[in-house]
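Protein chains: 2
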Amino acid sequence: MKPERVARIREVLDRRQPDLTIITDRVSKPHNISAIIRSCDAFAVPECHVVWPDEDFQTYRRRAAGSQHWVRVNKHPSTAEGIAHLKERGFRILAAHLSASAQPYDQLDFTQPTAFLMGAELEGVSNEAAELADGHVIVPMQGMVESLNVSVVAALLLSEACRQRRQAGFFDQPRLADADYQRLFFEACYP
Amino acid sequence: MKPERVARIREVLDRRQPDLTIITDRVSKPHNISAIIRSCDAFAVPECHVVWPDEDFQTYRRRAAGSQHWVRVNKHPSTAEGIAHLKERGFRILAAHLSASAQPYDQLDFTQPTAFLMGAELEGVSNEAAELADGHVIVPMQGMVESLNVSVVAALLLSEACRQRRQAGFFDQPRLADADYQRLFFEACYP
Ligand SMILES: C[S@@+](CC[C@H](N)C(=O)[O-])C[C@H]1O[C@@H](n2cnc3c(N)ncnc32)[C@H](O)[C@@H]1O
Ligand SMILES: C[S@@+](CC[C@H](N)C(=O)[O-])C[C@H]1O[C@@H](n2cnc3c(N)ncnc32)[C@H](O)[C@@H]1O
Chain A
0 MKPERVARIR EVLDRRQPDL TIITDRVSKP HNISAIIRSC DAFAVPECHV VWPDEDFQTY
60 RRRAAGSQHW VRVNKHPSTA EGIAHLKERG FRILAAHLSA SAQPYDQLDF TQPTAFLMGA
120 ELEGVSNEAA ELADGHVIVP MQGMVESLNV SVVAALLLSE ACRQRRQAGF FDQPRLADAD
180 YQRLFFEACY P
Chain B
0 MKPERVARIR EVLDRRQPDL TIITDRVSKP HNISAIIRSC DAFAVPECHV VWPDEDFQTY
60 RRRAAGSQHW VRVNKHPSTA EGIAHLKERG FRILAAHLSA SAQPYDQLDF TQPTAFLMGA
120 ELEGVSNEAA ELADGHVIVP MQGMVESLNV SVVAALLLSE ACRQRRQAGF FDQPRLADAD
180 YQRLFFEACY P
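Top to bottom, those sequences are chains A and B. The first sequence begins at 0 in numbering that gives the first Met the number 0 and counts up by one. The second sequence begins at 0 in numbering that gives the first Met the number 0 and counts up by one.
Hints are computed from structural coordinates only; laboratory data are not their basis. Please read these numbers as outputs of a predicted model, since none were measured by experiment. Just so it is clear, CB atoms sit at the ideal spot from N, CA and C, and this is done for glycine as well. Possibly wrong hints are sitting among the right ones.
Unchecked claim - A few chain A residues that face chain B, going by a derived Cβ cut-off under 8 Å, partial list only: (1) His75; (2) Met140; (3) Val144.
Construct the complete structure from the given sequences, taking the supplied hints into account.
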């Protein structure tokens, strides 16, 4: 492997944010999942979460077309289990959900450990998830249409989180735990 | 029509930004076009542009599933014609293009009349468009993957443009020309 490639991998790992993630609540269209995983990679998220009750996750996964190569995708069989897993790991869960209590995304602090929960294309965020979440967040809209595309919202949230974290110096030194850094470095060098 | 509905339509029209738009350069997947049109609506863009050489635009359009109801979609048969049309109307064309001369999107002024040109899913921005554009803009990425989804980038650019325009007071009073305002109001009330 060329030294430039190794340097690039290190640069990427040096910026990864282990305490920033996305969890999708039955988002079902592969192009949306794929776009979300690409955005995770671009916005320094090393690992994301997918709630997908169907057994047939392999097919689902394959259709996401390699975009998950640089982002680990964890599958959870139910919303409750996915959220419990993240809470145990210390994440605050913010559901992207157009509810009365939702706060605009540029008025919340995303430098805390944050998992954004994204709702399904048709059904939106499930009642269960809306209740289990620690809070609700919205991207304010100026138009007539009721909602944005789910992958678009995920990217807007992650990009705001990165903006805040850059300002707070989170990109100035590696934040991955040593063991995770070494494992990811090895996986990237010997795929 | 209920008074609340009329008030809502007026509120939306009061914020529309006639000098902010998107032009897609052969973007071909309906879910991407559809997501882009939804973002235009949400980020106050009254009218967008699509370069699509194929004759069969009706099918293409139908598949965008009603999201174009609140945003006029103008079709252009070639990139050159689309860009010429926008330049004639006073737009500065910024191609979302990962070139050496591209500038980060949060360091450019989007309060000027601005059209963001978006490249195709596989081919990216055509050479022709890259040359005809007044400048190139990028969304900086922190990861390994080479690019973001095209509808994700369009939304990030429009949301930054709205942020700047809100700060500059562009949402404080109507900006549509009177005749356009009346026409859009009529169309919205009697669809
Ligand atoms: C297409 S929307 C679902 C719309 C669904 N009909 C509803 O009422 O919730 C899919 C998901 O995208 C996210 N979303 C869309 N627009 C949003 C916005 N403006 N703010 C926050 N989240 C949004 C939410 O997570 C939502 O569940
Ligand atoms: C999937 S990308 C095209 C990738 C193509 N292989 C290329 O090399 O250009 C589709 C379009 O999304 C936009 N895009 C994607 N990521 C971008 C980024 N980080 N900054 C600016 N534009 C981007 C560009 O308009 C691009 O043409």
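Going through the hints against the structure:
no. : hint   : verdict
1   : His75  : 23 Å, violated
2   : Met140 : 4 Å, holds
3   : Val144 : 5 Å, holds
Of the numbered hints stated above, the single one contradicted by the structure is hint 1.
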